[in-house]
Amino acid sequence: MSGLISRLRRKTRHAQQLKKINFNDCRPALLPQALLSSTYWRLFSRGQWRKLFNFTRAEVSRFLGSENCGGRPYFLSVEPVNYCNLKCPLCSIGYLPSRDTLDFGLYKRMLEQLGPYVARMELYKRGEPLLHPQIIPMLELAASYGIETTVATNLNVLPAGGARALAKSGVNVLIVSLDGATQETYQKYRVGGRLETVLENTRELARARKELGRKTPFILMQYVVFRHNEHELDEAVKLARDCGADQLMFKPAFIPDDKKEMEAWAPLNREFVPGSGHIVEDGSCAWPWGGLNVFADATVSLCYVDEKCRWPLKDMLDSGFRDWNGALERAARRAIISRETGNCGACGDAPCGACRAFGRTNFWI
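All residue numbers for the sequence shown refer to this note's numbering, where the first residue is 1 and numbers rise by one.
For the record, the hints were derived by calculation from the structure and aren't laboratory data. Fair warning: there could be bad hints in the mix.
To be verified - Label pairs and their calculated CB-CB ranges:
#, residue 1, residue 2, range
1, Gly326, Glu200, 42 to 50 Å
2, Gly161, Leu64, 42 to 50 Å
3, Pro116, Met262, 42 to 50 Å
4, Thr182, Arg322, 45 to 53 Å
5, Gly161, Met262, 39 to 47 Å
6, Thr182, Pro256, 25 to 33 Å
7, Leu317, Arg207, 19 to 27 Å
8, Pro312, Glu200, 34 to 42 Å
As the list claims (entries may be wrong) - Computed cross-link-like contacts, SDA-like style, restricted to lysine to any residue with a CA-CA straight-line distance of at most 20 Å:
#, residue 1, residue 2
9, Lys168, Tyr145
10, Lys260, Leu90
11, Lys188, Leu268
12, Lys168, Leu141
13, Lys215, Gly244
14, Lys251, Arg241
15, Lys108, Glu59
16, Lys251, Thr182
17, Lys251, Val237
18, Lys238, Thr197
19, Lys238, Glu196
20, Lys259, Leu90
21, Lys251, Lys210
Small disclaimer: the values here were computed from a predicted structure and weren't measured. By construction, the Cβ of each residue, glycine as well, lies at the ideal position given by its N, Cα and C atoms.
Could you put the whole structure together from the sequences, leaning on the hints where they help?
In C-alpha cells:
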C-alpha cells in the first residue's frame with residue numbers, strides 16, 4: 001500500500017487530487033487541463049450563453065461578497081429516492097421517517113424553470129438513485145436542457161433497460177461504490193451488497209458504452225477508505241481497471257465525531273483521515289450563491305449537508321424557483337462572508353454560521 005501512496009503523490013500536484021488514478025486518457029490534450037475543466041470554457045465551447053451569463057452573474061456576486069445574488073441556481077443536487085437496497089452502517093437513511101420517491105411531474109416543472117440556467121446536476125443524495133422507476137427519463141430530460149449530470153450508485157441494481165439504457169441516457173459521470181476488493185471486506189460496509197454484481201454491471205456498462213460509440217458516462221469507481229478495507233487498495237486498482245472503469249478515487253470516510261465510531265471505522269493510514277493535513281479545504285462555500293438541494297419528499301434546502309432540512313426554503317416551489325434572494329438566502333450569504341473575513345461574531349445561529357462542513361462540500365463544477 002505504501003508503494004501505491006508514493007505513486008499517487010508523484011502523479012499529482014495537489015493534495016485534493018492525491019487519491020485519483022486514471023486508467024484512460026478521456027480528454028484531448030490540445031489545451032491546458034485547467035482550461036478544459038473550467039466551467040466557463042465548457043459553457044462557452046458549447047454555446048450555452050444563457051448558462052454562461054447566469055453562472056458569471058452568480059460568481060461575480062459571490063466574489064464581491066454580495067448578500068444578493070445576481071444569478072439563479074446553476075447547480076442542483078436532486079434526490080430521486082430516499083431509500084436503498086443496502087444497509088450501510090454510517091448512512092443517514094436510518095433516521096428518515098418515510099420512504100419517498102421524487103414525483104416526476106415536479107422534477108419536470110423544476111427543470112422547466114431552472115433547466116436553461118443550470119450547468120450541472122447531481123441525481124443522488126441519501127438513497128440509491130437507480131431504484132427510481134423513471135431515472136432514465138429523468139437523465140434524458142436533464143440532457144435535453146444541456147445539463148451535465150452525475151449519478152452515484154452502489155450498482156447492485158440496474159435501471160429498466162439495463163446497462164444499455166443507462167449508457168444512452170445522457171448521464172455524464174457515474175460514480176460506482178467499490179469499498180472492498182473481496183466480498184468479505186466489501187460486505188462489512190456495503191451490507192447486503194454483492195461485489196461481483198457491481199463488477200459485472202460495470203463491465204456491462206463499459207461494453208454498452210463502447211458498442212454505442214459514446215464517451216459517456218465517465219465511469220468513476222469510488223473507494224471509501226475505512227480501517228477494515230485499507231489493506232486492499234492495490235487490489236482495488238486492478239479490479240477497477242479490469243472491469244472498464246475510467247478512474248478510481250480513494251476517498252476519506254465521513255465518520256461521526258464519536259470515539260467509539262472512530263476506533264471502529266477510521267483508517268490507520270493518516271493519508272485518508274479528514275483533518276490530517278492531507279485533505280485540502282476550500283476555505284469558502286459557494287452553495288448560497290449557486291446551489292440548491294431538492295429532496296425526494298419535495299423539500300427544498302439551501303445547504304448540501306442539511307439532510308434534516310433545518311433550513312428549508314418553503315417558498316421556493318411556490319415561486320417557481322424565482323425567489324432566490326429571500327431572507328434565509330441572504331442570511332446564509334452574510335454568514336459565509338463573515339466566516340471568510342474572520343469576523344463571524346454572533347453568526348452561529350444563522351444558516352451556515354456554525355457549519356462543521358464549511359469549505360469541504362463545494363460542488364463539483
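Hint-by-hint comparison with the structure:
no. : hint                        : in the structure
1   : Gly326 - Glu200: 42 to 50 Å : holds (48 Å)
2   : Gly161 - Leu64: 42 to 50 Å  : holds (46 Å)
3   : Pro116 - Met262: 42 to 50 Å : holds (45 Å)
4   : Thr182 - Arg322: 45 to 53 Å : holds (52 Å)
5   : Gly161 - Met262: 39 to 47 Å : holds (42 Å)
6   : Thr182 - Pro256: 25 to 33 Å : holds (26 Å)
7   : Leu317 - Arg207: 19 to 27 Å : violated (41 Å)
8   : Pro312 - Glu200: 34 to 42 Å : holds (40 Å)
9   : Lys168 - Tyr145             : holds (16 Å)
10  : Lys260 - Leu90              : holds (13 Å)
11  : Lys188 - Leu268             : holds (17 Å)
12  : Lys168 - Leu141             : holds (12 Å)
13  : Lys215 - Gly244             : holds (12 Å)
14  : Lys251 - Arg241             : holds (17 Å)
15  : Lys108 - Glu59              : violated (26 Å)
16  : Lys251 - Thr182             : holds (18 Å)
17  : Lys251 - Val237             : holds (13 Å)
18  : Lys238 - Thr197             : holds (17 Å)
19  : Lys238 - Glu196             : holds (14 Å)
20  : Lys259 - Leu90              : holds (14 Å)
21  : Lys251 - Lys210             : violated (28 Å)
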